[in-house]
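2 protein chains.
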Amino acid sequence: MKFKCKKSDFTNSINIAMKAILGKTTMPTLECFLIEAKADQVKITSNDMQLGISTSFEADVAEDGVVLMNAKNLAGYVSKMSEDEIEFESDSSNTVLIFSGMRRHEDKGMADDDFPRLPDINFSDTITISQFTLKEMVRQTIFSISSKENNKILTGELFEVQGDELRIASLDLIRVSIRKIKLDKSYDKIKVVIPGKTLNEISKVMSNDADETVDISFSKNHVKFEFGNTVMISRLIEGNFFNIDQMLKNNYETKVVVNKNRFYSCIDSSILLMTETDKNPVIFTMQDDEMKVEIKSSHSSMNEDVPIQKEGKDLKIGLNPKYIADVLRVIDDEDISMFFFNSNSPCFIKNEDESYIYLILPINI
Amino acid sequence: MKFKCKKSDFTNSINIAMKAILGKTTMPTLECFLIEAKADQVKITSNDMQLGISTSFEADVAEDGVVLMNAKNLAGYVSKMSEDEIEFESDSSNTVLIFSGMRRHEDKGMADDDFPRLPDINFSDTITISQFTLKEMVRQTIFSISSKENNKILTGELFEVQGDELRIASLDLIRVSIRKIKLDKSYDKIKVVIPGKTLNEISKVMSNDADETVDISFSKNHVKFEFGNTVMISRLIEGNFFNIDQMLKNNYETKVVVNKNRFYSCIDSSILLMTETDKNPVIFTMQDDEMKVEIKSSHSSMNEDVPIQKEGKDLKIGLNPKYIADVLRVIDDEDISMFFFNSNSPCFIKNEDESYIYLILPINI
Numbered sequence: 084m085k086f087k088c089k090k091s092d093f094t095n096s097i098n099i100a101m102k103a104i105l106g107k108t109t110m111p112t113l114e115c116f117l118i119e120a121k122a123d124q125v126k127i128t129s130n131d132m133q134l135g136i137s138t139s140f141e142a143d144v145a146e147d148g149v150v151l152m153n154a155k156n157l158a159g160y161v162s163k164m165s166e167d168e169i170e171f172e173s174d175s176s177n178t179v180l181i182f183s184g185m186r187r188h189e190d191k192g193m194a195d196d197d198f199p200r201l202p203d204i205n206f207s208d209t210i211t212i213s214q215f216t217l218k219e220m221v222r223q224t225i226f227s228i229s230s231k232e233n234n235k236i237l238t239g240e241l242f243e244v245q246g247d248e249l250r251i252a253s254l255d256l257i258r259v260s261i262r263k264i265k266l267d268k269s270y271d272k273i274k275v276v277i278p279g280k281t282l283n284e285i286s287k288v289m290s291n292d293a294d295e296t297v298d299i300s301f302s303k304n305h306v307k308f309e310f311g312n313t314v315m316i317s318r319l320i321e322g323n324f325f326n327i328d329q330m331l332k333n334n335y336e337t338k339v340v341v342n343k344n345r346f347y348s349c350i351d352s353s354i355l356l357m358t359e360t361d362k363n364p365v366i367f368t369m370q371d372d373e374m375k376v377e378i379k380s381s382h383s384s385m386n387e388d389v390p391i392q393k394e395g396k397d398l399k400i401g402l403n404p405k406y407i408a409d410v411l412r413v414i415d416d417e418d419i420s421m422f423f424f425n426s427n428s429p430c431f432i433k434n435e436d437e438s439y440i441y442l443i444l445p446i447n448i
Numbered sequence: 084m085k086f087k088c089k090k091s092d093f094t095n096s097i098n099i100a101m102k103a104i105l106g107k108t109t110m111p112t113l114e115c116f117l118i119e120a121k122a123d124q125v126k127i128t129s130n131d132m133q134l135g136i137s138t139s140f141e142a143d144v145a146e147d148g149v150v151l152m153n154a155k156n157l158a159g160y161v162s163k164m165s166e167d168e169i170e171f172e173s174d175s176s177n178t179v180l181i182f183s184g185m186r187r188h189e190d191k192g193m194a195d196d197d198f199p200r201l202p203d204i205n206f207s208d209t210i211t212i213s214q215f216t217l218k219e220m221v222r223q224t225i226f227s228i229s230s231k232e233n234n235k236i237l238t239g240e241l242f243e244v245q246g247d248e249l250r251i252a253s254l255d256l257i258r259v260s261i262r263k264i265k266l267d268k269s270y271d272k273i274k275v276v277i278p279g280k281t282l283n284e285i286s287k288v289m290s291n292d293a294d295e296t297v298d299i300s301f302s303k304n305h306v307k308f309e310f311g312n313t314v315m316i317s318r319l320i321e322g323n324f325f326n327i328d329q330m331l332k333n334n335y336e337t338k339v340v341v342n343k344n345r346f347y348s349c350i351d352s353s354i355l356l357m358t359e360t361d362k363n364p365v366i367f368t369m370q371d372d373e374m375k376v377e378i379k380s381s382h383s384s385m386n387e388d389v390p391i392q393k394e395g396k397d398l399k400i401g402l403n404p405k406y407i408a409d410v411l412r413v414i415d416d417e418d419i420s421m422f423f424f425n426s427n428s429p430c431f432i433k434n435e436d437e438s439y440i441y442l443i444l445p446i447n448i
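Keeping their order, the protein sequence lines are chains X and R.
Under the working numbering, think of the first position of the first sequence as 84, with each following residue one higher.
Under the working numbering, think of the first position of the second sequence as 84, with each following residue one higher.
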């Protein structure tokens with residue numbers, strides 16, 4: 084194999100493919116990139132057995148071929164090259180040579196026999212959305228996935244398509260986060276659970292440009308993301324997700340509207356008093372046009388009166404300020420609306436068209 | 084005690100005083116700031132028993148007083164305040180109240196009885212230099228102090244004043260770093276060793292403005308840095324520093340001039356091949372107007388020809404590329420000069436007026 088390419092093209096592809104390279108593994112092939120040159124394209128493939136990535140770039144290919152090479156070594160050599168043009172060669176014994184300017188790297192590659200290539204799957208349904216929108220929806224929900232592997236289904240996010248609506252949801256048994264958007268047309272019903280790790284890695288390589296789109300295709304056990312010159316295929320998490328519709332309510336006893344930044348500053352400061360040893364909740368007392376926010380630890384206390392617009396009954400409720408802060412951080416609105424029933428029922432934070440809904444269980448006070 | 088002040092003044096002083104607050108200690112007072120209000124000034128003092136800091140800011144003091152308060156708690160409360168004005172109060176039971184806008188923090192302070200106030204020392208000699216210059220001299224030498232506590236003297240830097248010259252040096256038995264500047268006038272001879280940790284912390288709070296100065300005063304066991312509204316007093320390290328003049332030479336067999344950025348790119352890339360398990364040196368072969376740079380690990384190799392101007396004999400020498408990279412990173416010159424004797428003698432990197440001198444021992448090849 085022999086090709087010549089631009090350093091920036093090579094580096095971009097390496098950075099994308101690196102998202103499916105694990106740290107230390109017992110299988111050296113999983114620490115490798117599969118590098119294939121053919122026609123005027125070079126393709127880099129990586130696979131950590133849950134997420135597989137394949138990404139291509141244009142190159143001046145003098146000789147077709149394929150070689151496996153340690154991903155971190157290659158990334159190191161290429162990123163430190165100071166010249167713009169890079170030449171890559173491998174021979175029949177899988178010795179790899181990389182040239183740039185007066186510099187020459189030699190490394191041992193491997194044959195590609197054992198490499199787990201991306202599975203050849205028949206994907207049936209495909210939806211298309213903006214990369215930026217997908218990224219935003221993930222950012223606004225992923226903080227409430229569970230990190231506990233003993234309930235696997237909660238380490239992923241629900242992706243649900245119904246008619247012309249896409250809904251993404253995550254929950255960790257104490258809180259639920261839901262984002263909803265309209266699609267450009269109606270699709271068949273889809274309901275899958277995508278691993279949180281996959282969504283995190285995909286978000287890192289997606290564009291911030293709202294005009295660039297991603298095609299998302301589904302099969303029984305896999306999801307495929309296709310954008311630019313990149314394909315990412317991830318396993319789905321098997322099992323039934325919780326019925327989130329059952330947790331949602333449309334009525335309320337108390338509705339509170341509050342300035343988001345003002346409220347966030349107060350909540351953020353109250354977190355300082357939630358030490359590891361005493362996990363006292365913040366106590367919210369909503370009365371007339373003021374919300375009293377109070378928290379006590381063993382040696383200190385804080386309180387602040389935050390102005391609100393209130394509809395319905397006065398209410399006192401205890402909540403974990405970290406969970407509220409997580410929600411406030413991802414909402415872009417100037418004011419937010421909170422809905423309550425009583426001090427033992429969940430607090431809802433949602434907007435009028437319910438494009439976002441957050442549910443947080445209270446703490447007994 | 085009762086005072087009103089600007090949040091930014093309070094925060095600045097807290098950030099400076101925080102440099103002498105240790106993490107967890109067995110003495111709770113060492114996790115505290117001593118806060119004193121008097122006339123129109125508030126003074127914050129911290130002391131980790133090696134470095135002591137005292138820094139003041141203007142405030143509207145309604146009642147003089149003093150209280151000890153946990154440094155991290157105070158820093159947290161104040162940094163999260165959203166209003167510009169802060170009110171601070173403490174009463175006879177050392178209960179502390181901090182108000183800002185509608186927010187109220189209450190915390191338990193302590194009496195100041197056990198707090199180790201800054202020592203009252205008679206400093207004799209004082210030199211004055213620009214804060215930026217001191218910061219730069221430290222940055223350009225501190226990387227070669229030793230981290231091993233078993234040879235305490237090497238964890239500090241030599242500060243030596245002779246006539247109108249200040250020389251700073253550090254060494255870790257494999258390399259030596261020396262920086263030298265002219266002072267505005269002549270001073271009595273001073274020769275002390277300042278702990279590396281002190282110099283690191285001081286560098287973090289010094290100004291980048293070349294016009295702002297710092298007064299450095301010395302006593303037998305302490306050094307004092309005075310700048311702006313801040314005083315930092317550090318213990319010195321006892322003992323005799325190595326005789327560095329004895330290690331320096333003025334003649335050479337081979338002199339090489341090389342473009343710094345070009346050389347750094349090559350060296351930086353060669354470090355990739357120095358893995359934990361096989362610590363092969365980089366081998367430099369200087370011949371005519373080229374320096375061949377080569378390194379081999381168990382599975383890979385790299386080589387590059389770097390153009391040089393050479394005076395004197397051809398030479399082959401092995402050096403640790405990490406040590407060369409450390410030096411190249413802190414030199415601002417476009418070209419650097421290296422001086423050699425033979426493959427078993429140290430390599431010198433220095434400029435013409437010897438305002439910097441770096442010495443690196445070779446590795447046998």
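Hints may be right or wrong, so weigh each one.
Computed from the model, here is a short list of chain X residues facing chain R with C-beta under 8 Å [claimed, not checked]:
| no. | residue |
| --- | --- |
| 1 | Asp190 |
| 2 | Ser229 |
| 3 | Ser230 |
| 4 | Arg258 |
| 5 | Asp388 |
| 6 | Gln392 |
Derived from the structure by calculation, the hints contain no laboratory data.
Glycine included, every Cβ here is placed at the ideal spot set by N, Cα and C.
Quick rundown of the hints versus the structure:
no., hint, verdict
1, Asp190, "holds, 4 Å"
2, Ser229, "violated, 28 Å"
3, Ser230, "violated, 25 Å"
4, Arg258, "violated, 23 Å"
5, Asp388, "holds, 5 Å"
6, Gln392, "violated, 17 Å"
Consistency with the previously given hints fails for numbers 2, 3, 4, 6, ordered from lowest to highest.
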